[in-house]
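**Student:** Chains as they are written, first to last, in this note's numbering: chain A, 1 to 271; chain B, 1 to 954.
Hints in this document: simulated from the structure, not taken from any laboratory. In this text the structure is predicted, and so the values were computed from the model without any measurement. Be aware that a few hints might be false.
[As the list claims (entries may be wrong)] Sample of chain A residues lacking proximity to chain B, with all beta carbon distances greater than 10 Å (derived):
#1 Ser36
#2 Gly45
#3 Lys110
#4 Leu253
[Unchecked claim] Computed cross-link-like contacts, SDA-like style, restricted to lysine to any residue with a CA-CA straight-line distance of at most 20 Å:
#5 A/Lys86 - B/Lys333
#6 B/Lys6 - A/Lys165
#7 B/Lys880 - A/Lys165
#8 A/Lys165 - A/Thr240
#9 A/Lys56 - B/Asn52
#10 B/Lys125 - A/Leu76
#11 B/Lys284 - A/Thr173
#12 B/Lys587 - B/Asp496
#13 B/Lys880 - A/Thr173
#14 B/Lys827 - B/Asp641
#15 B/Lys494 - B/Ala422
#16 B/Lys946 - B/Asp641
#17 A/Lys226 - B/Lys880
#18 B/Lys827 - B/Thr803
#19 B/Lys284 - A/Ser41
#20 B/Lys284 - B/Pro209
#21 A/Lys110 - A/Phe26
#22 B/Lys298 - B/Thr325
[Said to hold, decoys possible] Covered, in the sense of this in silico footprint (three residues per stretch, anywhere, with C-beta under 8 Å from a C-beta of chain A), are these stretches of chain B:
#23 76-82
#24 763-770
#25 804-818
#26 939-952
Glycine is no exception: its CB is placed at the ideal position from the N, C-alpha and C atoms.
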Amino acid sequence: MLKQFQKPGSIEEAVLMKEDKGESLFFLAGGTVLNSRDFTSKPDGFISLEGLSLNKVLTSENEIVIGAMCTAQELLENENVPFPLKEAAKRMTNRNIRNIATIGGNLAGKKSNSDFITVLMSLDAKVEISTSKNWKSISICEYLSDNEDSLITGVKIPINYEKRKFNSTSFSTNSNELPLLTVAISFDVDGNNVLNPVIAVGGVTDKVMRLQKAEESLNGKPLPEKDVIEKIVSEEVFPTSDYKASAEFKKYLSGVLVSTALYDAKNYERE
Amino acid sequence: MKISLKLNGKNRNFDITPGQRAKELFVNEGIISIRNGCNGEGSCGACTIVMNGRTVNSCLLLAAQLEGKEIFTVENLSKGRELSTIQEAFLDAGVVQCGYCTPAMVLAAKVLLDTNPEPTKEQIKDAFSGIFCRCTGYKQYFTAVGLASSRLRGKEYQKEISPEFCEDLRVVGKSARKVDGARLVKGQKAFVEDMVQPGTLHLKMLRTPFAHAYIKNIDTSEAEAMEGVELVVTHNNCPDVYYNQAGQGFPEPSPYDRKMFGDKVRHFGDRVAAVVASSEEIAKEALEKIKVEYEVLKPVLTVDQAAEEGAPLVHNSIQEYVVGTPDNLDNSKAEPRDGKIIYQFPIHADPLKNIAARVSGGIGDTEAGLKDADVILEREYETSQIQCTPLEPHIVYTRMEGERLIMHASTQVPWHVRRITARVLGISENKIRVIKERVGGGFGAKQDIVLEEVAAYCTWVTGKPVLFRYTREEEFIESRTRHPMKIKVKLGAKKDGKITSINMTVRANTGPYGSHCLTVPMNACSKSLPLFLCENVHFDVTTYYSNIPPAGAYQGYGAPQGSFALQMAFAELAKELGIDHLELLEKNRVHDGTMLEILKCLGEGREGTPQEVSSCGLGEAISEGAEMISWGNKEHDLNPDIKIGKGVAIIQQASGLPGLDSSNSTITLLGDGTFMLLSGGADLGTGLDTLIAKIAAETLCTQFEDISVITGDTDITPYDDGAYASSGTFFSGGAALNAANAMKERIIEVASEMLGEPKEDIKLEFPSKAVGKNKSASFYEISRYTQSGTGSGQLSVTRSFTTDKAAFPYGAHFCQVAVNEKTGKVKIQKYFALQDCGTPINPELALGQIYGGVLKTIGHSLFEEMILDENGVCLNPTLKDYRVPMIGDLPEEFEAKLVYTNDPFGPYGGKSIGEISCNGAAPAIASAIHDAVGVWIRSWPFSPEKILRELGKI
C-alpha cells in the first residue's frame, strides 16, 4: 500500500527526498507504468515530478533540450521538437496514453522495445541526470548501462541531427500493441558513401542496443544490397523466443527493418 | 492528504489517502460513467476522463495526481434530460450498442471537436485510438463525429447516416434512436455494477495453478477464522448437484459434467474455493490462507493429444443417462473422484476416449461423388482459441428480498440462469427472480452461467448480498472461448467446377467441460454445408475434452470455423481447377427455393428437418460486392515488397432454432392509449428492445415513442430462451408481432362494440385510432372505455412465437489485402460486407452489427489468439497481450451494405444479423493473401511469422 505521495517544488528537493528514502520511494512522472495494475514493485511512496517545471522544450544554437515531463502528445504538438522524436511519439500506442506518458518516464523504464530510446540513440542524444551531488549529461548507451536510480530531468539533442539522414520504424502486429521490435538509424552522406552510421535496435535483447559491427561494416561505403545488410544485422542480434514471436522471426525481421530503414532514409528527402 | 480540483465545473476539496485511485474518488462522488474493462492495466480506455482538456485513462491515475486539475466527465455533458449534440449524434449514427464504452467515446469526441471542429478521418481515428469497443467495429464513429461536427457548426450533414427500407412502413426499416440509448450515452445507472448497494459482500475465487489435478486435501480453517470472512465454499460443502453451465433450452445437449466445485480441477484457473467477505481485500487475503494439496496429473491440451491411445482422461466419470442409456454402458473403470456425467439424452460421447460428443450424417453417397469427380482436393484447416472479450467482464449481484433470491445479472439468458440456479440450489424457480440489467457485451460468453450460481448460493446460505465480478484475467481463463478446431475438407468436382462430393471432418476441443460440446462443432457443418448444392455430402464431428480454458458459445457458434474451412477449400479447388473463385461459388451456391436436404441430419441433438430457402440475397450480394472491389482486376503497389490480392467468401447463418426456441411477449394498453410491451428477449446491446418496439408501433399504428419496453426480467416479463443463435429478430421479434396483432384484434373488437360497427369494417389508423366506416375512436377513448368498470377490462394480451420454419440470412464478403513479402504483415485495404438480413428493421444498428462482427473476426484472422504453455497456462490473459482490434486496425476502406429481401416467415420480412458477419473474414482474407503472395495459410491467425514461413523466408 502506498503510504506517501510527495510533491517537491524543485529538482534539489526531489533528489534529496529520493536519497533520503532510497529505494522505498519512486519518482513518478505520468504514471502509465507505475500506476498500472501490472506494475509489480510495491514502493512505499511516490515523488511526483509534476511541480519541477520539467515540461518545457528549449532550443539553443547547438541543441534542443526536452524536459523529462513533456508528454508524448506535447512533443507531437511542439514545433521545436525534432521530427524523429515526433515520429516515435506518434507511434506510441494511443492518444490516451500519449496524453499522459512522458519522455522521461519512458527513458526511466529502460524498456527493451522503447521507440523513444532507439530514436534518441540514433540522434546521439544525451540524458540529463541530477543527483544531490552533481548534474550530468550522459549518452543513451551510458544511461542504459547506468544502474543508478537518478532523476532524469531531460534529454538533449544536438541540433546537427538535421544534417544527417535519419529513419525509424517499429513492428507491431496490431495498432494498440507495444512494439515487438524498434529500429532507428542515422548517418551522414558523403557522395554515395554512408558515414558514421548509427543503428539502434530494440526488442532483441534486454535493452535497446547499437549494432556496432554493422555500423563499422557500413561505414565509409555505399550501402550494400538490402539482403547483405539483412545478413549483417541478423548476425549481430540474438533475440529470444517468447509467446509473441520466435527468435528466428525477430532475428530475420531485425535485418529487414534495418535495411529498409537505411534504404528509405537514403532516398528520403526531408521537406 | 488534501487535494483541490475542479470537478465538472465546480471547485472541490477532497481528503484522500496517498495510494487512493482516481476512479475511487470519482465513484465516491457518484460518478459512475467511468467504467473498468481491463482492471487498471490501462489498455481499454473505458475509464476515460478529460483532464485539463485531454483524454486520459483514469485507472492510471492516483487521486493525488488530480491536485489542481480540471476534470470533466460525461455526467457534465448533458443538461437535465436533454442530450448534448454529440450524444444525439452518437444515437443517430447507431454507435451505441452495449454502451459500456460509450461515455469514454463521447468524451473523446467532445475533446476532438472542442479543439478541431472539422476533424479528418485520421484525427478521428487518433482521438478514439485508446478506447476499446468490441461491439461496433468503430466504423460508425466516423459518421457520429461528422454528424456532430456539422450540427455544432449549424451545417447540414451531407452524407447518408443510414439507409432506409420499406417505403410503405413508418418505423420498420427506418432509423430511430435506441430505446435504451439515452441512459447509455449519458453514462447513467444501467449495468449490474451500478445496482450494488452498500454493505454488499465480495466474492473472490481461489483458482488452481494446475491444469489437471485432484484436490487431495483442502484446509480452509484459517481463512474461515478471519474477521470479515462470511463463508468459504469448496467441494466439501457445496451442493452435490451436477449441471452444465451452458444456457441452452432444456433438456440440454450439453452434458451435466460438473458440480459447483469438484474433487478434480480440469483447467488452469478452475475453481477451488469461493470466499465471501466484507471487502474485496479481506476476501483476497483469505484466499491466500487456504491450503490445498494437489495430486497433479498430466494435462491434455490438443485434440491430437486427447485422441492418443492411453491419453490422460479428463473425465473418467460415472456416466448416467436420463433417457437412452446405451446397452454397453460400463462404469466399472470410473474414478469416483472424477464425479459423474449425466446425459439428458445420448450425444454419442465416450469419456474413456476423451470424447465429449459425436455426430455424423449426410445425404447421397460421397464415395460415389468422388468417383464421379475429375478433381479431388483434401485439406485440413485449424482454428485457434479466441476469447469473447466483452468489455464488461462477467458480473452478478445477488441479494435476498424476503424469502426470495434476486439476481441482477449481465446475461444473455435470464430464464436459463433462473432454471440452472434453481437446480444447483435445490430450490424452486418461483423463489428466484433474475433481472437482466444492461449487458456490457456478451458475444456468447454470457450465454453461459459461469459465475452466477456461486454468488446465488452464497447469498442463499448467508442471506446477505454478494457481488462477484470477474477480473480480466478470470475472463480469459474461466469465461468462454471459441472452440479450437481441426477441420478436414474433401471435395470432389467436375472440370467445369460442379461439385460432386463434400466431406467435412471436424475435430473440436471443448476444454474441461462440455459446454455446447455437441452443438458448436456441429454448427461448423450446419452453417456452412447448406450453402452449396451438392447431392453427396457427409460430415463427421467429434468433440474432445481437454485441459485448456473452457470453450463455449461465441458469436457465430462454430460457423466461423466451419466457414473458414469449407470456403478455403473452395478457394483452393478453384485454383486447382483453374476456374475463377467467384465463378466456382456462383456455380454451386444455393438460391431462393432450394430445398436444403442436409438439414435433416443436422438437428441439435435430435432429428432435423429439411428446409426450403425462403429468401436469399446471395446473388445480389455477390454481384454488388464484385463490382465494389473490381473483382478480376489485379492491383499493384509502387513498393515492390508489397503484393496486393483479393478474396471472397459467401456465408450464411440461421435465425434462431426452429422447433427448439420459443419467445413470448405481452402488450398492455395503458390508460392514455399508449402501450407497455413486455418481452423475455435479452437485448445485449444489439437493439432488440428497439426492434420489438418498432414492430409493435408499426402493427398498432401508433407512435414509436408510445411503446415502452421492459425485457428480460423473470418476474415481470414472459419466457424467452434468450439472446443466442441469432434468434432475436425472428423469435423475440416474432413474439412481439404476434402479441401486437392480437392486441390489434382486441382493440378492433372493443371499437366495434363502442362504435356499433362490425369488426370487419374497422381498421387501425395512424396515429393511434380505430376507424370504422362512420366513426372512429382513439386508443385513449378505447382505453378509458375498457377501464371504466363497464367495459371488458384493461386490454392485455400475451402471445408466443414458435415455428418449424427457418429464415436464413446470407452474405458475401470481399476484401483486398496488401501483404509485405519482407515482413509478412498483412494490411486490409478494402473490406466490403454485403448482408441479406431480410428487412433490416433497425438499419443503422444492423450495420453496426455487421461492422462489429467483421472487425472481431479480422482480429481472429490476423492477431487474436490465446497462447497456452505446455502446462495449459494462458500466457496472454490481458487485453494488451491478447491483442484486440482497435480503431487503428480498421480496413482502410470498410463498407457494410444491406441487401434487401423480404422473408415470408420473419417479422416484417426480417431475418437475423447478429452472428452471420463473423463468418466471412477468415476465408476472405486467407484467399486474398493467397491471391497476393501465392501461399495458403490454413490456420488462424495469419501472423506475419506464419506467412514468412510459408514464403520460405524463415
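**Student:** Each hint needs a verdict: does it hold in this structure or not?
**Tutor:** Comparing the hints with the structure gives:
Its closest Cβ contact with chain B, about 5 Å, brings A/Ser36 to no more than 10 Å, contrary to its assignment away from the interface. Against chain B, the non-interface label of A/Gly45 is violated: not every CB pair exceeds 10 Å, the least being about 6 Å. With a minimum CB-CB distance of about 19 Å to chain B, A/Lys110 clears the 10 Å threshold, and the non-interface call stands. A/Leu253, annotated as away from the interface, has a beta carbon of chain B within 10 Å; the closest lies near 6 Å.
The hinted pair formed by A/Lys86 and B/Lys333 fails the criterion: a straight-line CA distance of about 68 Å is larger than 20 Å. At roughly 47 Å between alpha-carbon atoms, B/Lys6 and A/Lys165 are farther apart than 20 Å, so this suggested pair is violated. Straight-line distance between C-alpha atoms of B/Lys880 and A/Lys165 comes to about 34 Å, which puts the hinted pair past the 20 Å bound. Taking the CA atoms of A/Lys165 and A/Thr240, the gap is near 31 Å; set against the 20 Å cutoff, the hint is violated.
Note on A/Lys56 and B/Asn52: the hinted pairing holds, with a Cα-Cα distance of about 17 Å set against a maximum of 20 Å. Between B/Lys125 and A/Leu76 the CA atoms are separated by roughly 16 Å; this keeps the pair inside 20 Å, and the hint holds. Proximity of B/Lys284 to A/Thr173 is assessed by CA-CA distance (about 35 Å); at most 20 Å being required, the pair is judged violated. Restraint check for B/Lys587 and B/Asp496: the C-alpha separation of about 9 Å stays at or below 20 Å, so the hint holds.
At most 20 Å may separate the alpha-carbon atoms for a hinted pair to count; B/Lys880 and A/Thr173 meet this at roughly 12 Å. Only pairs whose Cα atoms come within 20 Å are accepted, and B/Lys827 paired with B/Asp641 is accepted, the gap being roughly 13 Å. Restraint check for B/Lys494 and B/Ala422: not satisfied, since their Cα atoms lie roughly 57 Å apart, outside the 20 Å limit. Proximity of B/Lys946 to B/Asp641 is assessed by CA-CA distance (about 17 Å); at most 20 Å being required, the pair is judged to hold.
Restraint check for A/Lys226 and B/Lys880: not satisfied, since their Cα atoms lie roughly 33 Å apart, outside the 20 Å limit. A hinted pair counts as satisfied when its Cα atoms are at most 20 Å apart, and B/Lys827 with B/Thr803 does not qualify at roughly 44 Å. The straight-line distance between the Cα atoms of B/Lys284 and A/Ser41 is roughly 18 Å, inside the 20 Å bound, and the hint therefore holds. Of the supplied pair hints, the one linking B/Lys284 and B/Pro209 holds, its CA atoms being roughly 16 Å apart against a limit of 20 Å.
This hinted pair checks out: A/Lys110 and A/Phe26 have alpha carbons roughly 15 Å apart, not beyond 20 Å. Proposed proximity of B/Lys298 and B/Thr325 is contradicted: the alpha carbons are some 31 Å apart, above 20 Å. Under the rule that three or more residues need a Cβ within less than 8 Å of chain A, the assignment of the segment 76-82 of chain B is violated, with 0 such residues. Given as covered by chain A, the segment 763-770 of chain B fails the check, having 0 residues with a CB less than 8 Å from a CB of that chain where 3 are the minimum.
Coverage of the segment 804-818 of chain B by chain A is violated in this model, with 0 residues showing a Cβ closer than 8 Å to a Cβ of that chain against a need of three. Coverage of the segment 939-952 of chain B by chain A holds in this model, with 4 residues showing a Cβ closer than 8 Å to a Cβ of that chain against a need of three.
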